[in-house]
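Quick mapping for you: the protein sequence lines, in order, are chains U, B, F, Y and H. Under this note's numbering, the first residue of the first sequence carries the number 24, and numbering increases by one thereafter. Under this note's numbering, the first residue of the second sequence carries the number 188, and numbering increases by one thereafter. Under this note's numbering, the first residue of the third sequence carries the number 59, and numbering increases by one thereafter. Under this note's numbering, the first residue of the fourth sequence carries the number 52, and numbering increases by one thereafter. Under this note's numbering, the first residue of the fifth sequence carries the number 191, and numbering increases by one thereafter.
Read the hints as simulated data drawn from the structure, not as lab findings. This one's a predicted model, so the numbers in the text were calculated from it and none came from an experiment. Heads up, the beta-carbon is just placed ideally off N, CA and C, and yes, glycines get one too. Incorrect hints may have been included.
[To be verified] Taking lysine to any residue and the SDA-like style, the derived pairs with C-alpha atoms no more than 25 Å apart in a straight line are:
no.: 1; chain 1: F; residue 1: Lys351; chain 2: H; residue 2: Val461
no.: 2; chain 1: F; residue 1: Lys63; chain 2: U; residue 2: Asn175
no.: 3; chain 1: U; residue 1: Lys268; chain 2: U; residue 2: Pro237
no.: 4; chain 1: F; residue 1: Lys199; chain 2: B; residue 2: Tyr447
no.: 5; chain 1: F; residue 1: Lys351; chain 2: H; residue 2: Arg463
no.: 6; chain 1: B; residue 1: Lys273; chain 2: F; residue 2: Ile218
no.: 7; chain 1: U; residue 1: Lys115; chain 2: B; residue 2: Gly274
no.: 8; chain 1: Y; residue 1: Lys106; chain 2: U; residue 2: Asn175
no.: 9; chain 1: Y; residue 1: Lys80; chain 2: Y; residue 2: Arg250
no.: 10; chain 1: F; residue 1: Lys199; chain 2: B; residue 2: Leu454
no.: 11; chain 1: F; residue 1: Lys351; chain 2: H; residue 2: Ala223
no.: 12; chain 1: B; residue 1: Lys273; chain 2: Y; residue 2: Lys274
no.: 13; chain 1: F; residue 1: Lys312; chain 2: F; residue 2: Leu355
no.: 14; chain 1: U; residue 1: Lys115; chain 2: F; residue 2: Leu355
no.: 15; chain 1: Y; residue 1: Lys148; chain 2: U; residue 2: Gly38
no.: 16; chain 1: Y; residue 1: Lys222; chain 2: U; residue 2: Ile270
no.: 17; chain 1: B; residue 1: Lys273; chain 2: Y; residue 2: Thr122
no.: 18; chain 1: Y; residue 1: Lys274; chain 2: Y; residue 2: Asp226
no.: 19; chain 1: U; residue 1: Lys102; chain 2: U; residue 2: Ser134
no.: 20; chain 1: H; residue 1: Lys334; chain 2: B; residue 2: Phe319
[What the hints assert, rightly or not] From chain H, some residues computed to sit far from chain F (all C-beta separations above 12 Å):
no.: 21; residue: Glu359
no.: 22; residue: Val364
no.: 23; residue: Ala549
Spelled out, the chains give:
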Amino acid sequence: MSALLQVKDVTKKYGGLIANNAISFDVAENEILSVIGPNGAGKSTLFKMISSFTPTSSGEVLYRGERISNLKPHIVARKGVVRTFQETTIFKSMTVRESVVVAQHLRAKASLAGYFWGSKVAHDDITAFEKYADELLEFLGMSEISAEQASNLPQGSLRALGIAIGLATDPKVLLLDEPFAGMNHDETMRMVDLVRSVRDERGVTVMLVEHDMPAVMTISDRIVVLNFGEKIAEGTPSEIQNNEKVIEAYLGSADDEIGM
Amino acid sequence: MEQVMANGVYLGSQYAMIALGLTLIFALMNVLNFAHGQMYVIGGFVTYTFYGQWGVPFVLALFMSCMTLAIIGALIERYLFAPVIKGSAREESTMLLAAGIAFLLDALILLIFGEKQRGVPKIVDGVFNWDFRLIMPYDRILICVLAILSIVAFIALMQYSKTGRALRALAQDRTAAQLMGVNVDRYSMIGFALGAMLAGLVGGLLVTITGVNLGMGGPTSIKAFMMVMIGGAGVISGAIWGGFILGFMEAFGLAYLSQYGDITYLLIFVSLMIFLAIRPQGLMGKPWG
Amino acid sequence: MNFSKIQILGVLVFLAVVFVGVPVFIAATGRWDFYFTLTSVALLAIASAGVWLTFYIGRINIGQGAFALVGAYVSAILVVKAGWSFWISLPAAGLFAALVAVLIGLPILRLRGVYFAMITLVLTQVATLTALALPITNGAKGITNIPLPGGISIFGITLIPDFSTLENARMAFYFTAIILMIITYAALYRLVNSRLGHLCRSMQQNEELASSIGVNITYIRILIFAISSFFGGVGGAMFGSISQSVYPATFVVKDSVDFMLNCFLGGLGYVFGPMLGTLVLYFGWDLLFEFGKYQMLIYATLLILIIRFLPNGLLSLRFGKGGGK
Amino acid sequence: MTAMLDFKDVELYYDHVYALKGVSLTVNKGETIALIGANGAGKSSILRAITGLAKPAKGSVSFEGERVDGTDPSDIVKRGIAMVPEGRRVFPYMSVKDNLMMGAFTRSDKSEIQDTLDSILTRFPRLKERYSQASGTLSGGEQQMMVIGRALMAKPKLLLLDEPSLGIAPKLVQDIARSIVAINRDEGVSVLLVEQNSRMALSISHRAYAMATGNVVIEGNSKDLLHDDRIKAAYLGGEV
Amino acid sequence: ENPVLKIGFVGVTSGPAAAWGISNQRSMETRAAWINETGGYEIGGVTYDIEIVSFDDQKDPKRAIAGMEKMAQEGIHYVVGPNVDDGAAAVRPVAEANDIMYFPYAFPRELYSAPASNAVLSMIANYQSGPAIYKHLMENEGVKTVAFIAANESDPLSQRDSGVAAAKELGLEVVSDNVTYQVDTTDFTPVLTPILRTRPDLLVLSGVSPANAPQLIRSARELGFEGLISTETAQDAGVLAEGAGDLANGFISVGGASTPELASPMMNEFVERYTAMFGEYNDESNTKVYALEYILETLKATPEAIEDVAAFQASMDDFSAPNPYMNGDEQLTYVGMTSFGQKRQIAVPLVVNVYQDGAFETMFIARVD
Ligand SMILES: Nc1ncnc2c1ncn2[C@@H]1O[C@H](COP(=O)(O)OP(=O)(O)OP(=O)(O)O)[C@@H](O)[C@H]1O
Ligand SMILES: Nc1ncnc2c1ncn2[C@@H]1O[C@H](COP(=O)(O)OP(=O)(O)OP(=O)(O)O)[C@@H](O)[C@H]1O
Ligand SMILES: CC(C)C[C@H](N)C(=O)O
Ligand SMILES: [Mg+2]
Ligand SMILES: [Mg+2]
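With the hints as constraints, model all of the structure from the sequences given.
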């Protein structure tokens, strides 16, 4: 199993604060890898550097051996590495379907001018986009809300929309930042299945940041744990669950009963 | 050199006050108040009417202009901005409203106070002259001191009073402020009134030196915009920095570049653009959110 | 792109009104001054279309006056000093304005929200000050005595007559301006409804997200700003030709603000908003002429009332969805 | 005993979209109530209707026997209801201290405020460490503690919490849950807790309501609901 | 009822420069009301009531054109204004196409020189008054060095340039000629400091607006400047008194003819009526009372010119009528041969005033040809 994505000694400093300190790990093709860690450990920062939304202070990220850190976000996206956002980041006044159509723009075959003059290719593009959008929404179980304006959606659907937008770009690697936040158990599990089938059926490699441990443990092939900007563990879910350091720093003892 | 520094401080103090009111209103309501300059002019004219024409003591006249503007500000917020903000799909619609109000105030100023340049008797006579190295009329020194005192008072109000805290909270998160028990409608009005009042106060102070005429509004707003940009929109310390920086830039530019003619402002503008290109949120602007 | 019947009908009605209705009306009522008013509306609407377009990528542009001024000077200089035909100087003016926009846009388009709005406001002043300072613009003296547009003929067929030989240059300017406006808005409409338009809209709503889906936001921002300024330059150039003179104060901050107001007033959500906004704002002022010294007061009051009760622009009072105009 | 909070037949809609279709619930003095339910079910809307941030179209909201619907949020807050809103909503430029002080906005007795402040800082020692840091730079968990503390500064009779565990690391979730229990038990503050983490919510509450699309579908004793099959299936899942 | 003769005004009556246009408009309205009250104005045997149609161009050349179009629409052939260079240049095509004679308060030479035909300069241009003033001051006050300061706008800058040229021509040493200020400047100290360092005998405020003049004077005096200060535009004594007080004493400017020794009874009555009508007089109107008077007098002398602008132009060369606003036997005539090569300027007497304790005193009078 060769590494699709390599994070190499990546460091990020904000002034005096070291948000990520020499983090290294590999992500294999078709893997689902979770990054967990306490609040402020540097998980989102790491995602931002992988997607080139922020430059690294040192170190680099390689995708198929090619450096993708310190570029422009849209270039990295074009190479197939696409992120979603921790905050609900959507196109507020577009409908769900419109958002998903726009997000496919990378697949466009016609040029901007072609669209302007309304060329045949452009026409075909649009038909294809719309068709794919409907398929994708169907796949994500969002057909019902496809005509809703994004700003009116409840929390959970917003996250789902975020994922839909990410998927619509036809990514090779999808970085999901807390995709299950604000979903209840049932919804979370549905999404877990979905992310899995995205990986299985579309061959997308997934990295995700999540605090929902049941979900993380179910979905992940491997887990990387950050704490105060340092990588403190890496391994399979069961390894991580039993790692003392991780329990100490992050999980807390499960049997620590809190009740009325 | 001494003269240039002194000019910088003097200009800076008055600019900072102008920028403060603008930034306060921006912070609270996300409204870029195009009418700020007009409010300043009204302040000048009210002070002129009371002090210059009717012989009311200066301090009282100043007070009257503050009150007038506070009332105008409160009314404008209550009956125009608040409903428009509620009803519009895009925040930017308030820009149109603010511009409309600027036109309206301009029209009213012309009808009520006329087209002439007005001035008032000096509040103190005499010129401080240190060996021709530093010349500054006493009334300017006084106004400068008053302006700085007002700024300090304003900061104290914002930092330490309950009203100030409520206003700051409101500026940062309306809903959260509401949940703390802040009556946001009332405090928005108070905040707007306070911003307008600051404009009135500067207008009243400066009329003693520069006089006032109806044309001063628009350009004043633009200058205030620049200071707010330099410092960072909606940030109080930013407004003060912006005011003083612009003041000093003007003082230095005019002193050292005058032989090149018309370029001081061009340079100020261009350096502002370069500065913002490097630091898009101004000196003190929001790093997050 | 398929047009509904209503849209096509709307366009036809509009064309009939501007090309036939207006001239007939003017001839019937003898209100020849309306030609100039409507010409101005058309030209200012062109510039406003640019402002509207920059709004489409989420930037409030209060700098269009600068580009109009650039356009006016470029055309004037080319015609007066280089002896070009006005008709060639017109696109040249637009292109030059676009070029300037690219250079200036590179740094300032990174700014957002009020920062962009304010910096563009300053830009207008920069343009005026630059025009005052440069030798090529003739500094304070401006460029005057610009000849009227000459004719164009191919193989002896007159495509455009020489304006100075015309009995009624007003009407010629009117038709020119209207045609330019129609081209502008047709292009704008196409643009907004093509892929570029969708990308713009995605940027307007969320630049970060747009770049995460692979949109080259820097490039599109610049491209849009350049197109916007092209419109500004063309409007300005045409205007210089009508008044046959250009001064540093031909377009000032107030014009930039007006362009922006036109867009807001018409409604930012509608392609034809700026056209309507320009018509109402500019014509409105003219119609209030009767009120003498209360003109400004009434104008401002009406403006405020409109915003107070139609904060989303005049077109939010829609008479049937999707009407062409 | 009459209920402290009586939320009766409330209908609420945004732009013609129904969020609540006639919801009733009560909170008695001293109770912790959990409100669970799917996404978009209307949980947050209930809290918004209680605090006056959203105006019900029908129905009534009474607090301590008096109608409060239709009054300004600031008045409702003054009566003793504090809320920790969805998404925390800190005042990012204010220090932790100023944020906490904002919580006491409706109170005026300086020494009493100081007492509350001390007790909060004792409860959340982390906040003391970050006392003068701008709250925008706090980590998510710290912010969450701070906004709970901020709500407590009002010395509320009823505390409304909207998804306090959202985006919070598991260990901190436990801390927060403990704090909620303690606040309820030690200070007699009634709590209405909205949570996606249903297991946690049910295990620290007395009674619970489960919602689906604008309606309450199940209500009952939390202990019972923890073992209710419908609840298990919909909200808890099998194992943890 | 008398038939109505409409005379237009297109100029700036709102915004920063409102004072310029308003003083025009009001002086015209005062005069028109006065004429109508006393029975009308007789031209070619018909007695007309005079109506002033005024249009606020907001100092915007685009609006100025619209205004001129409006005048054409109203069938007006005689228009006073615009007040600034760019507006005056922009309306030229419209005026010429519609047979409108217009009387701008703006100085660009090409507006008045052939082939331009319809513009008549209605005041003394600074390139005419400047030399006269400088010469007088050289001869009587021993002025040897001069410095210029102007606002960074078209009109003042153009005036500065022609002023500088005139001063050099006269052999004055120009010690500073490139300092400018923004019209919205509120503190002139930094602007003036470098210029005063050159210690000129005379400081010329080129094209200064009535709003800026008192502040400039005050700042210059407070900085210890003891030389002379002058301008070539009209000012209002009241504004100077309020804005600069005693510091304005000795300030030299160009005025109309209302100083006590020159003003005819008619001028005094005009001032009275103006004040009664508008509450307050503005000395700038001294220079602005003339354009309307010239138009009416010329029409009286050539009645067919009411409809026929060519007749008006033809009569300009040897038109002459007594100047009712000045004592003595001053004449109203058209001049401009030296400056423009054709008679396209009204011969207002060049009255140079000195401000002293709240009023203007006449310094000297000159004539333009
Ligand atoms: N732009 C920034 N400037 C300064 N500090 C920052 C910036 N962005 C993040 N930080 C800091 O870097 C650290 C890591 O932040 P990051 O957002 O990566 O945490 P996280 O692991 O995603 O936390 P959470 O689980 O709460 O989302 C935090 O201490 C944060 O305050
Ligand atoms: N501002 C709004 N405009 C339009 N619809 C809204 C708005 N806010 C909420 N809604 C709708 O009201 C319904 C209830 O929303 P609410 O936020 O109360 O749900 P919730 O139970 O809190 O969900 P979540 O667990 O996702 O936070 C949802 O369908 C949502 O789409
Ligand atoms: C010379 C100019 C400054 C005069 C000005 N245009 C006026 O109307 O008075
Ligand atoms: Mg994060
Ligand atoms: Mg919710």
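Hints, verified against the model:
1. F:Lys351 with H:Val461: Given pair lysine 351 (chain F), valine 461 (chain H) holds - Cα atoms ~21 Å apart, limit 25 Å.
2. F:Lys63 with U:Asn175: Answer violated: lysine 63 (chain F) to asparagine 175 (chain U) is near 32 Å, above 25 Å.
3. U:Lys268 with U:Pro237: Judged against 25 Å, a Cα distance of about 19 Å means the pair holds.
4. F:Lys199 with B:Tyr447: Satisfied, since the Cα-Cα distance of roughly 19 Å is no more than 25 Å.
5. F:Lys351 with H:Arg463: 20 Å, holds
6. B:Lys273 with F:Ile218: 51 Å, violated
7. U:Lys115 with B:Gly274: OK: lysine 115 (chain U) and glycine 274 (chain B) at ~17 Å, within 25 Å.
8. Y:Lys106 with U:Asn175: Since the Cα atoms of lysine 106 (chain Y) and asparagine 175 (chain U) sit roughly 17 Å apart, the hinted pair holds (cutoff 25 Å).
9. Y:Lys80 with Y:Arg250: 23 Å, holds
10. F:Lys199 with B:Leu454: Holds - the C-alpha atoms of leucine 454 (chain B) and lysine 199 (chain F) are around 22 Å apart, at most 25 Å.
11. F:Lys351 with H:Ala223: Holds - the C-alpha atoms of alanine 223 (chain H) and lysine 351 (chain F) are around 17 Å apart, at most 25 Å.
12. B:Lys273 with Y:Lys274: 44 Å, violated
13. F:Lys312 with F:Leu355: Holds. Lysine 312 (chain F) to leucine 355 (chain F) sits at ~17 Å (cutoff 25 Å).
14. U:Lys115 with F:Leu355: 38 Å, violated
15. Y:Lys148 with U:Gly38: Cα-Cα ~24 Å, so holds.
16. Y:Lys222 with U:Ile270: Answer holds: lysine 222 (chain Y) to isoleucine 270 (chain U) is near 8 Å, not above 25 Å.
17. B:Lys273 with Y:Thr122: 18 Å, holds
18. Y:Lys274 with Y:Asp226: Answer holds: lysine 274 (chain Y) to aspartate 226 (chain Y) is near 21 Å, not above 25 Å.
19. U:Lys102 with U:Ser134: The hint holds at about 19 Å.
20. H:Lys334 with B:Phe319: Roughly 24 Å separates the two Cα atoms, so the pair holds.
21. Glu359: Holds, because the least Cβ-Cβ distance between glutamate 359 (chain H) and chain F comes to about 19 Å, which exceeds 12 Å.
22. Val364: 18 Å, holds
23. Ala549: 29 Å, holds
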